[in-house]
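Work out the full structure, taking the sequences as your base and the hints as a guide.
Listed below, chain by chain, are the residues.
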Amino acid sequence: MARIGPVTANPYPWPYDGAADTTRTALLCIDWQTDFCGPGGYVDAMGYDLSLTRSGLPATARLLAHARSLGMLVVHTREGHDPDLSDLPANKRWRSARIGAEIGGAGPCGRILVRGEPGWEIVPEVAPAPGEVIVDKPGKGAFYATNLDLVLRTRGITHLILTGITTDVCVHTTMREANDRGYECLILSDCTGATDKGNHDAALHMVTMQGGVFGCVATSDDVIAATAR
Amino acid sequence: MLTVAAARPFPYSFDIATTALLVIDMQRDFLEPGGFGESLGNDVGQLRRTIAPLAALLAGARAVGLTVVHTREGHLPDLSDCPPAKLHRGAPSKRIGDPGPKGRILVRGEYGHDIIDELAPLPGEPVVDKPGKGAFYATGLDALLAQRGIRSLLVTGVTTEVCVHTTVREANDRGYECLVLADCVGSYFPEFQRVGLDMIAAQGGILGWVVDSTEVLAALPSATVSQPSS
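Chains as they are written, first to last, in UniProt numbering: chain A, 1 to 229; chain B, 1 to 230.
Just to be clear, a hint being listed does not mean it is correct.
Said to hold, decoys possible - Straight line, CA to CA, 16 Å or less: simulated EDC-like cross-link-like pairs of lysine to aspartate or glutamate:
# : chain 1 : residue 1 : chain 2 : residue 2
1 : A       : 197       : A       : 49
2 : A       : 197       : B       : 191
3 : B       : 94        : B       : 142
4 : A       : 197       : B       : 38
Source of the hints: derived by calculation from the structure; they are not laboratory data.
So, in structure tokens, the structure goes:
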């Protein structure tokens, strides 16, 4: 067991209760999927600047290795739908079609956001190790319609360190869900990213307001520096 | 089917029978001088500009028989539903459960916890008490909406980037079509008001739609048209 914290973070030294340890803290890696950040995925094919969603990969890979060396729980999430699309809300499908990336339709890396397709897989830089928990989610949030809450509570997890993409959509939705459920959250600015840099910055800024309304912001270096075996 | 053509990122259509007006956390503690929000150093004037347009929208919604649902953030008097991380985080001058000028802060049943007089719920309008920022977690909201056949939500209230955003994200994942009314949601921070609305409509409406309430009022049938006919 290793101690984690206090981490130099904004707006307070994280966590609120002084320090956590590796038995109570999990590292969340949210939606590092080829379709969102891999060459040839649909975000790439749609002409977005892929470097924005990929920018957090090196730091996340380094933190992932650190977390594994400490024996921390690592949880990966993937956004996607069943091949028959029975868990795809009609409005989500309609809106994706409207911008030319219909979920379930043919994409550059298989059917877009369908479980089992190449584009839905996690990119190799942060691929799950054997035995690590993978949560498949139909929404932006990792708690709705998934077993994430059950998995975390079963392991005695009370503190979460969040990485992944995109900062303002899936990472923020998950952080908000976790915060309402009482988890003490830390989002890492260098391990996240968005298709719009302004939204990335604003999403991080929102976390820090009002005394840390959803938790705290730090960097992976801050976390590593605050870890003591 | 009614259509709000001016909505961004593209027109929003809804049926009165399957749509609810959601009024989020228009509570004295957040909106009135001396409440919890102000004790954190916030300018409540930034939120109070929503009251007049929201009152007009509420009247219009009631006139056509739209379902209206109010929410309140707050905790049980013994704080047994308040996560320690929420209670102890940061260093506000007052904490949840502490005595304040409007009663114990964010505690159910206290004066400051209730909805402001201008937007008081009518008898029969559901009021959902929620322990978190989101209105779906640990509440009966989803069941309440399902029971009434609601699929679309007109979203109003405070604050834009905290409780409104969290609730819209929850609703969106559950398949509800959310139209956020820009002039009826408010933030203590102008930057977050702007970017909060932009995030909703970004990427083809990844979380929902955004428009001003006057556009919705214009789309509603007038009182005379809504009378039963032939």
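> Is it true that the CA of residue 197(A) sits at most 16 Å from the CA of residue 49(A)?
Replying inline: holds, 10 Å
> Quick one, are residue 94(B) and residue 142(B) close enough, alpha carbons at most 16 Å?
Replying inline: violated, 32 Å
>> Hint check: residue 197(A) vs residue 191(B), CA-CA at most 16 Å. Holds or violated?
In response: holds, 15 Å
> Within a Cα-Cα threshold of 16 Å, do residue 197(A) and residue 38(B) meet the stated pairing?
Replying inline: violated, 31 Å
The earlier numbered hints that this structure contradicts are 3, 4.
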